[in-house]
Every structure is written in C-alpha cells, then in structure tokens.
Amino acid sequence: MKIEQQLSAAIIAAIKELYDFDAPAEQVQLSKTKKEFEGHLTLVVFPFLRVSKKKPEDTAQEIGQYLQEHTDVIASFNVIKGFLNLVIAPAAWIALLNDIHAAEKYGFTTPTDRSPLVMIEYSSPNTNKPLHLGHVRNNLLGWAVAQIAEANGNRVVKTNIVNDRGIHICKSMLAWQKYGNSETPESSGKKGDHLIGDYYVAFDKHYRAEVKELAAKFMAEGMDEEAATEKAKAEAPLMKEAREMLVKWEHNDREVRALWRKMNEWVYEGFDETYKALGVGFDKIYYESDTYLEGREKVIEGLQKGLFYKREDGSVWADLTGEGLDEKLLLRSDGTSVYMTQDIGTAKLRFQDFPINKMVYVVGNEQNYHFQVLSILLDKLGFEWGKDLVHFSYGMVELPNGKMKSREGTVVDADELVAEMVRQARQTSDEAGKFADMSEEEKQEVARIVGMGALKYFLLKVDARKNMLFNPEESIDFNGNTGPFVQYTYARIRSILRKAEDAGIVIPEALEANVTLSTKEEEIIQHVAEFAQVVKAAGVDYSPSAIANYCYELVKEYNQFYHEFSILREEDEAKKVFRLVLSQNVAKVIRLGMGLLGIEMPERM
RNA sequence: GGUUCCGUAGCUCAGUUGGAUUAGAGCAACGCCCUUCUAAGGCGUGGGUCUUGGGUUCGAGCCCCAACGGAAUCACCA
Numbered sequence: 000m001k002i003e004q005q006l007s008a009a010i011i012a013a014i015k016e017l018y019d020f021d022a023p024a025e026q027v028q029l030s031k032t033k034k035e036f037e038g039h040l041t042l043v044v045f046p047f048l049r050v051s052k053k054k055p056e057d058t059a060q061e062i063g064q065y066l067q068e069h070t071d072v073i074a075s076f077n078v079i080k081g082f083l084n085l086v087i088a089p090a091a092w093i094a095l096l097n098d099i100h101a102a103e104k105y106g107f108t109t110p111t112d113r114s115p116l117v118m119i120e121y122s123s124p125n126t127n128k129p130l131h132l133g134h135v136r137n138n139l140l141g142w143a144v145a146q147i148a149e150a151n152g153n154r155v156v157k158t159n160i161v162n163d164r165g166i167h168i169c170k171s172m173l174a175w176q177k178y179g180n181s182e183t184p185e186s187s188g189k190k191g192d193h194l195i196g197d198y199y200v201a202f203d204k205h206y207r208a209e210v211k212e213l214a215a216k217f218m219a220e221g222m223d224e225e226a227a228t229e230k231a232k233a234e235a236p237l238m239k240e241a242r243e244m245l246v247k248w249e250h251n252d253r254e255v256r257a258l259w260r261k262m263n264e265w266v267y268e269g270f271d272e273t274y275k276a277l278g279v280g281f282d283k284i285y286y287e288s289d290t291y292l293e294g295r296e297k298v299i300e301g302l303q304k305g306l307f308y309k310r311e312d313g314s315v316w317a318d319l320t321g322e323g324l325d326e327k328l329l330l331r332s333d334g335t336s337v338y339m340t341q342d343i344g345t346a347k348l349r350f351q352d353f354p355i356n357k358m359v360y361v362v363g364n365e366q367n368y369h370f371q372v373l374s375i376l377l378d379k380l381g382f383e384w385g386k387d388l389v390h391f392s393y394g395m396v397e398l399p400n401g402k403m404k405s406r407e408g409t410v411v412d413a414d415e416l417v418a419e420m421v422r423q424a425r426q427t428s429d430e431a432g433k434f435a436d437m438s439e440e441e442k443q444e445v446a447r448i449v450g451m452g453a454l455k456y457f458l459l460k461v462d463a464r465k466n467m468l469f470n471p472e473e474s475i476d477f478n479g480n481t482g483p484f485v486q487y488t489y490a491r492i493r494s495i496l497r498k499a500e501d502a503g504i505v506i507p508e509a510l511e512a513n514v515t516l517s518t519k520e521e522e523i524i525q526h527v528a529e530f531a532q533v534v535k536a537a538g539v540d541y542s543p544s545a546i547a548n549y550c551y552e553l554v555k556e557y558n559q560f561y562h563e564f565s566i567l568r569e570e571d572e573a574k575k576v577f578r579l580v581l582s583q584n585v586a587k588v589i590r591l592g593m594g595l596l597g598i599e600m601p602e603r604m
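Heads up: the first sequence begins at 0 in numbering that gives the first Met the number 0, then just goes up one per residue.
One or more of the hints may lead you astray.
Unchecked claim - Derived DSSO-like pairs: lysine-lysine, alpha-carbon spacing no greater than 30 Å straight-line:
no.	residue 1	residue 2
1	K216	K239
2	K54	K33
3	K275	K460
4	K304	K190
5	K204	K261
6	K465	K519
7	K239	K327
8	K535	K275
9	K379	K404
10	K327	K232
11	K442	K498
12	K1	K519
13	K386	K498
14	K402	K433
15	K433	K460
16	K275	K386
17	K309	K386
18	K275	K519
19	K34	K519
20	K239	K190
21	K535	K104
22	K247	K177
23	K104	K239
24	K1	K104
25	K460	K1
26	K239	K275
27	K189	K261
28	K304	K275
29	K357	K304
30	K327	K498
31	K327	K247
32	K189	K239
Simulated from the structure, these hints should not be mistaken for laboratory data.
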C-alpha cells in the first residue's frame, strides 16, 4: 500500500480518536514538504481546528504524537504553525521502492473486457495538402491522449476521419489535369501528398491571375474595385470548372471518380509515411465520402421527429436558441451536406461499428463552437455519449510573425521538420564524437530517436489548451527542458546497469531494509512513486504536458544525485544494490512516462 | 457586438484539489567543474508589482466580479 494512502487512513483514524470527528478524505491535505523544512509529507491542520478547538500548533502536535505512536510509517515529526511535517521511516521507503520495483508497468491499469470503450479521433487531414506543424501537434496529442487513456484502464479505439471530398480536392484535381503533364509521385520523385499540395497551390496561383485580369476588365467597364473583385471571383473560369467537377463527383461521374481515387491514393501513401515517422497510427479510418450521406439521412430522420425544422427555401436547421446558441444549418437548400452533417453521419457509423461509451475528439480550439453544437445535436438524436463527448481542444502553433498561412507560404512542413530534427540530432551526436564504434545504421537510428524525441517533447510539454510559439530560426533545443535531456539520462542509467551486469552484480527482486538512505535518495523514491498519481491525473483531464513535466523534474532531480554520488564505485554492497534498483526504477518510470507521449528511449546516445 | 480561451523573468514555458518569510525551470548573459559510473551534464551570479483594480478567508499566481491587452469563433466554407 502506498505511504500516502496509509497515512491518510491513519490521520482519519487519529482525528476520529482524538476529536470524535469523521473527517472527509478531501479534508486530509497531504502535500510534499517544502525543501526548507524537515520532513517528507506535510499535513495542513487548519481544516481540523474547528473540531479540535485548539491552537493550530497544539492540534498538529497532538495528531503527530498519535501518528507516531500508532503507525510504523512515521519516524518523527515537527510542527510549524499549522503545518505538521512528517518524517517517513526508512523501512517504509524501502517497502515503497520494492512495490514499484515489482510492478513492471508501475502506475498503469490494465484494461479488461469490461473496461469502458473510448474512441479517440485525431489527425483528420484534408487530402489536398501535406501535413504541417499544426497537424503534427494534433497527431502527437491524439496519440498521447490515446496512450494515457489506455494506461488508465480504458479500451481504446484510435480513429481518423479523412476529409477526402469537397471543392478543395477538385481544385487540386483540376490543376493537375490542366498543368500536370501526367506527373506522378514516381515520375516526379515527390511524395504523393506534396505533389497534390503543389497542384493546390498551382490552382490558387492561376485562379488569382484570372481574378486579377477579370477584375481589371470589370473596373474598366465602370465597376468599383470591391464589386469587380467579387464578381471576378465568382466568374473566374477556373473556379467554375472546379464547381462543375464537384457536381460531376457528386453524380458519380466515372472519369472524375477515377481521377479522384487515383490522386487520393497518392496522398494516402504520402500521409502514411508521415504518420510512420511520427510514430502514430489508427485502428479504424473513416472517410467523409462514405459518411456524408449517412449524415443527411440522420438529419432527415431528426426532421421527421420534429427535432429540426425546414425553411421555405428547403434548407434544414436546428434551433439551439434554447441552449443559448444560434440556429444552425444542417442541410443546404439544395439538399447537400455541410460540415456538421458529416460529423453526425460519422458518429452514426462509428456507433454501429463500436459500442462506444465515450468519444474524444482531438481537434483545434478554432472549432470549440462546432463541438458545443455537435454535442447537443448528438444528444438530441439519441446518442448516449453525445452529451458528454469530449472535445480535446488544443491551441494553435504560432510562428514569430503570427499564424501559419498556407497561402503566404509561412507553413512549417511536417516532413521537412522531421528531417531537419533528425539531421540536427545526427550532427550534434557526431560533433560530440560519441559512439564512433556504432555502425552507420545504429547512428542513424539514435539520431532518429533523439530528433523525434526533441520534436515530440517540445510540442507536448506545453499545456495543450494554450497557443504555443515555434521559432524556426532558433529551432528546437537539445539542452535543458527537452526530450533529449530525458533520453540522455535514461541512456546513462542503462549504461550503468549494463556495466553492473558485466561486473556480475545481480539485481534482486526485492531489497532488504538494511540500508541507510540519504535525504536525496528518499526524495527520489518519493518522486518516482508520484508517477502513479501523475498518470491517473492525466487520465482525468487528458494532460500529456503534466507527464512531460513530471519526467523532466524527476530526471533533473536524479541528475543532481547522479553527479553527487557514485554508484558503481560505492563500497557498501547493499547501498550499491539499492542505488542500482533506484536508478533502474527511475529509468523504468521515465520510459513508461515518455512512452505515453510516444517518445522512444535510446539505450545509448 | 455575443460566446469561449489566454495574460507569470528579456524570450519560451511550469506552477497539482487555494498553503509555509524567498513564485520555479529552460533559453539567452556572465563565472566555475571533464585523469571522476556518458559534459546533450552539474554548480553559481544577475533577472518578477504573477496585466490592473476590487472581492471571498486564517491564507490567492490559482476562486468570484470588473477593466485592459491578445487569440479563436459566431457562413448555404471545411
């Protein structure tokens, strides 16, 4: 049993005994003792003054006295004002470390067949352009959230909804037909998604040229600039063609569909490469081309039930003014779907495929309103998980000069970023002259792990809700509060463990309670034990950043210890073994923690 | 204008359900430490009115109200 649980129970018993009061568990505030004071855990006694009817100091004194006499966890205690500082007995620390040591996946809860089924949607790309830094944040967060949910004993289905239809895809298709010269990923040597993205840009370029020319013509005919531009945008031949293509697509035109399939395939191959590099994956992928019609059916069903209403022009709306929101369009007057309709259709298909208890959407905060509405609509339509669906809403990645804009060419491309991170990791490693004995493949593998570790940690350590800044000039650090710092410490611990093994030192399954612990060592045990709480808390509020920051702090603390004491040169055999076990468990916990973030740990670096 | 989110060191960010005279890291700057288990490291120095003003209480960076500043959103776009 954990020390804190044991203590909480003992404190409740003490208060019952001393003051005849049943203290609720949440009133027992045990926190880590501040560094300036002696002790490990501190009880705040202010909440109990009412029942003790004594001064804070005396109350604390009494409770401390009782705990020392009635439990074997407390070695001693001291009182400062209303704070009762408790010193945990050395044997209890060893027992705690043994518990952690015995649990291979310390802090994790294994899902069973009866665990809640949670579906997590993330990534959700458009198929007309390659992934950029914003998508990377989404993918990494989505993966981490799924890992965290699983570590907390949920059955998890990771899903992706691909936006593979609409006018934007037609733009790429059209540009490819017009200017493409039958270019393919093979013939051009480009990744499929980049190839298609280039044609999307090409469309925009030609389209704008047309608009400019047309607008000039209209202005010459006497229109003012604004009206001329508006008219030019609507009448530009390219845009007209794109719309015609969309109509053909909707009518299942064989040629258009074939082209669409071919180009989407290219994009998916490109995406798969990027996903693989990012280390993310999905259990089930949905396509909007399959779900948008389902949504329309569901909306019509709702219309018949009187949940929605139809306007004179034939468009269908949901009236959410009662919920404090606006009226929301669900079907256009021509009967076609909008974004919201598709999400309803996707929800329907998902529920058919999986009897999910909970749905988590990892989508940017720009869509907060959308999900507020979706939640209400799904609830009205009878989805049990609709009302408390989770929109895991994360902030934008900003560049020094503001938002990323594809039109202005200020996007940070995902593939380029990954390549650059790995390249820099490799360079740093080579410059340090490490591991000259490694093969080229090994070096490259370490560079990949470290480069990706730096990128992932950088994006995940920040509170997901907040907008964050990425400065391409300064790039991502490898020193300080970074992924590589944590990886580096891990690699060093692994190195020590290898050397210990070579020296024939056997690490026991459980330690004897015959070592004297330094304060630092006790603190590290305490810190390692905290991992279980961090994982649990992260499972409640989906916070990868809490795990990242925990790993950093543990590693920082361990590094100070590492620098101060020698492990392999320690003469006291029992102490040496203790430190090896402690180090091994520090390594274990950070590997588990970083694993939740999708960050791999190198054996050497 | 309505709604939601954010505001902590020069910069990027932590800060657990409100707790302790001194609010923490990293980067950047300066100074030490590699014959010592991996220096992607450790130690030290400087740097703050936690945007502002009220309120709640034994106690507020954290909770409530207001103001100021910033972001997102409010489409027959996705």
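Given pair status - K239, K216, alpha carbons within 30 Å: 18 Å, holds
Given hint K177 paired with K247 - CA-CA distance at most 30 Å: 17 Å, holds
Satisfaction of hint between K247 and K327, Cα-Cα up to 30 Å: 28 Å, holds
K275 paired with K460 [C-alpha distance capped at 30 Å]: Roughly 21 Å separates the two Cα atoms, so the pair holds.
Holds or violated: K327 to K232, with C-alpha atoms at most 30 Å apart: 27 Å, holds
Distance restraint between K442 and K498, which requires alpha-carbon spacing of 30 Å or less: 21 Å, holds
Straight-line alpha-carbon gap K465 to K519, limit 30 Å: 34 Å, violated
Straight-line alpha-carbon gap K386 to K498, limit 30 Å: Violated, at about 55 Å.
Proposed proximity, K261 with K189 (alpha carbon, max 30 Å): 15 Å, holds
Pair hint K54 and K33, alpha-carbon separation not exceeding 30 Å: At roughly 22 Å apart (the allowed maximum being 30 Å), K33 and K54 satisfy the hint.
Pair hint K1 and K519, alpha-carbon separation not exceeding 30 Å: Within the cut-off at roughly 19 Å; holds.
Restraint check for K535 with K104, where alpha carbons must lie at most 30 Å apart: Roughly 13 Å between the alpha carbons, so the hint for K535 and K104 holds.
Hint compliance for this structure: hints 4, 6, 9, 13, 14, 16, 18, 23, 26, 28 and 30 are broken, all remaining hints hold.
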